[in-house]
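Sequence lines, in order, name chains X and H.
Here the first sequence is numbered in the numbering used here, starting from 1 and rising by one per residue.
Here the second sequence is numbered in the numbering used here, starting from 1 and rising by one per residue.
It is possible that part of the hints are untrue.
Unchecked claim - Listed below are the simulated SDA-like cross-link pairs for lysine to any residue, each with C-alpha atoms no more than 20 Å apart in a straight line:
1. H:LYS146 - H:LYS164
2. X:LYS124 - H:ALA128
3. H:LYS191 - H:ALA128
4. H:LYS146 - H:SER228
5. H:LYS48 - X:SER83
6. X:LYS124 - H:ARG57
7. X:LYS124 - H:VAL227
8. H:LYS48 - X:VAL164
9. H:LYS191 - H:SER228
10. H:LYS48 - H:LEU246
11. H:LYS48 - X:GLY185
12. H:LYS164 - H:LEU246
13. H:LYS48 - X:GLN23
14. H:LYS238 - X:ILE150
15. H:LYS62 - X:ALA120
16. H:LYS48 - X:ARG131
17. H:LYS191 - H:LEU162
18. H:LYS48 - X:ALA119
19. H:LYS9 - X:VAL164
20. H:LYS48 - X:LEU121
Unchecked claim - If the Cβ cut is set under 8 Å, some of the chain X residues that face chain H in the computed set are:
21. ASN37
22. GLY41
23. VAL50
24. PHE64
25. SER68
26. PRO69
27. ARG70
28. TYR82
29. LEU85
30. ILE122
31. TYR155
32. ALA159
It is worth saying that the hints were derived from the structure and are not from the lab.
Remember, predicted model here, so these are calculated numbers, not experimental data.
Cβ atoms here follow ideal geometry from the backbone N, Cα and C, with glycine treated the same way.
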Amino acid sequence: MRLVATGAQDSLSGLDDNARFRQIVLPHIDDAYRLANWLTGNRADAEDVVQDASLRAFRAIREFAGGSPRSWLLSIVRNTAYSWLRKNRPAAVVTVEDLEAVELEQAKPGDSNGDTPEAALIAKVDADRLRRAIAALPTPFRETLVLRDIEGLDYREIADATEVPIGTVMSRLARARRRLIESIGKDR
Amino acid sequence: MTRSRPDDKAVLLVHAYVDGELDPANALGIAQQMSAEPALTAECERVKALQRLIQERLPRDKAPAGLHARIEASVGGIKWPRMQPSWRALAASIALTAMVASGSTWLMVGPQQQTMVADALVSDHIRALMAAEPVDVASSNRHTVKPWFNGRIPSSPRVVDLAKQDFPLVGGRIDVVGQTPVSTLVYRHAKHLISLTAMPAKSLFDLDRSPRSVNGYNVLHWIENGVSYWAISDLAAKELENFARLFRTSQTEL
């Protein structure tokens with residue numbers, strides 16, 4: 001005889017779509033909302049995006065093939081946020097050319113000279129300044145940083161969610177953090 | 001002093017090191033490089049300071065109250081009961097798991113190994129909470145705890161000191177998953193204990209890495225450097241995640 005107390009997350013096979021949705025998507029709505037908020041920059045938009053993304057997730061629930069449900073949902077949220085922004089706020093969408101410009105600018109020699117604050121200084125930054133500095137990051141850097149340092153996804157999950165190679169995740173993350181550190185160190 | 005550019009390979013490796021994304025060989029390499037180059041050490045400290053800042057100071061927004069309900073309504077209008085285990089259910093499950101735990105051996109079969117590993121470890125955690133001592137070796141000194149595992153299991157686990165981050169080490173014990181002895185470290189946070197089990201990563205057990213809750217205990221699972229980690233506690237999920245992050249980002253002194 002085998003007695004095993006059942007967990008909240010049982011095997012997903014054999015469940016109907018609603019039950020799967022409840023187990024895969026609903027536990028992560030807060031994370032979805034946070035990511036949408038960082039990507040759209042606005043709470044009302046974030047709600048719309050999460051609702052839209054949840055519907056997409058529900059329709060695609062049978063395609064969920066294991067792995068982390070949270071990173072699966074977050075990648076749907078991310079894609080939904082971009083299509084939502086393209087439709088409703090085309091000016092806010094960063095084009096590939098913009099990104100290239102950013103990367104060129106970043107690659108200039110003399111980049112990040114001087115004013116990088118040290119760890120002790122970083123520890124003193126208040127929440128408001130931090131939030132503004134994250135919000136000011138170019139989108140590809142911001143989403144990478146948010147997925148890693150706020151949502152705790154690993155590099156592989158971020159690469160899958162943002163559809164870039166791991167090497168790109170690494171360089172975006174290093175640049176995002178460097179920019180963030182420099183900008184929170186300024187205007188003190 | 002020349003400042004390193006953010007896309008230098010060494011800088012990228014420092015970031016990946018802090019994120020726990022390096023295999024042991026690369027981690028060792030970059031640790032050595034850091035000890036030779038103060039600029040890299042400073043980068044490492046900055047990244048850690050930034051992560052701490054984000055974890056500790058940035059408020060983690062919750063979705064607005066009505067959003068869950070609207071989403072539930074939009075996918076079919078079914079009202080699902082909230083999954084909150086009642087005290088009665090919890091008490092019953094403790095009795096049940098204690099009974100199971102006292103049995104001799106059990107087999108792991110079927111497609112539910114992942115859930116069963118979590119269940120087994122939660123049982124071990126509960127049993128430890130109910131025992132006189134939650135650990136077999138009680139010490140807050142990682143230099144005492146780590147060697148204790150030598151000779152008891154094939155490889156002793158990574159032990160880090162998180163006392164300064166308010167997660168002091170309580171000690172260690174051997175748990176058994178299936179029929180395999182595995183190492184479990186116990187950390188404390190306020191009045192909560194955290195059992196952190198390390199076992200060799202096997203694809204069989206490591207399909208699903210989502211946080212879960214078993215009978216009200218939060219379970220976090222991650223894989224790092226070929227080791228599968230399971231953290232179990234009645235801490236809030238957010239705090240358990242914070243613990244996991246601290247454990248993953250803390251440097252092991254070499």
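Right, here's what the structure says about each hint:
1. H:LYS146 - H:LYS164: holds, 19 Å
2. X:LYS124 - H:ALA128: With a Cα-Cα distance of about 39 Å, the restraint between LYS124 of chain X and ALA128 of chain H is violated, given a limit of 20 Å.
3. H:LYS191 - H:ALA128: Holds - the C-alpha atoms of ALA128 of chain H and LYS191 of chain H are around 15 Å apart, at most 20 Å.
4. H:LYS146 - H:SER228: Since the Cα atoms of LYS146 of chain H and SER228 of chain H sit roughly 17 Å apart, the hinted pair holds (cutoff 20 Å).
5. H:LYS48 - X:SER83: violated, 34 Å
6. X:LYS124 - H:ARG57: The given pair, whose Cα atoms are some 10 Å apart, holds under the 20 Å limit.
7. X:LYS124 - H:VAL227: The given pair, whose Cα atoms are some 35 Å apart, is violated under the 20 Å limit.
8. H:LYS48 - X:VAL164: Violated. LYS48 of chain H to VAL164 of chain X sits at ~25 Å, over the 20 Å cutoff.
9. H:LYS191 - H:SER228: This hinted pair is violated, its Cα atoms lying about 26 Å apart.
10. H:LYS48 - H:LEU246: holds, 10 Å
11. H:LYS48 - X:GLY185: holds, 15 Å
12. H:LYS164 - H:LEU246: holds, 11 Å
13. H:LYS48 - X:GLN23: Violated - the C-alpha atoms of GLN23 of chain X and LYS48 of chain H are around 33 Å apart, more than 20 Å.
14. H:LYS238 - X:ILE150: Between LYS238 of chain H and ILE150 of chain X the Cα gap is close to 11 Å, so the pair holds against 20 Å.
15. H:LYS62 - X:ALA120: Violated, because 30 Å separates the two Cα atoms, which is more than 20 Å.
16. H:LYS48 - X:ARG131: Measuring from Cα to Cα gives roughly 17 Å; hence the hint holds.
17. H:LYS191 - H:LEU162: holds, 16 Å
18. H:LYS48 - X:ALA119: Between LYS48 of chain H and ALA119 of chain X the Cα gap is close to 8 Å, so the pair holds against 20 Å.
19. H:LYS9 - X:VAL164: holds, 18 Å
20. H:LYS48 - X:LEU121: holds, 12 Å
21. ASN37: holds, 6 Å
22. GLY41: Given a least distance of 13 Å, the restraint on GLY41 of chain X is violated.
23. VAL50: It holds, given that the least Cβ distance between VAL50 of chain X and chain H is near 7 Å, below 8 Å.
24. PHE64: violated, 11 Å
25. SER68: With a closest approach of 5 Å, the SER68 of chain X hint holds.
26. PRO69: With a closest approach of 5 Å, the PRO69 of chain X hint holds.
27. ARG70: holds, 6 Å
28. TYR82: violated, 20 Å
29. LEU85: Nearest chain H Cβ about 19 Å off; hint violated.
30. ILE122: holds, 4 Å
31. TYR155: It holds, given that the least Cβ distance between TYR155 of chain X and chain H is near 5 Å, below 8 Å.
32. ALA159: violated, 11 Å
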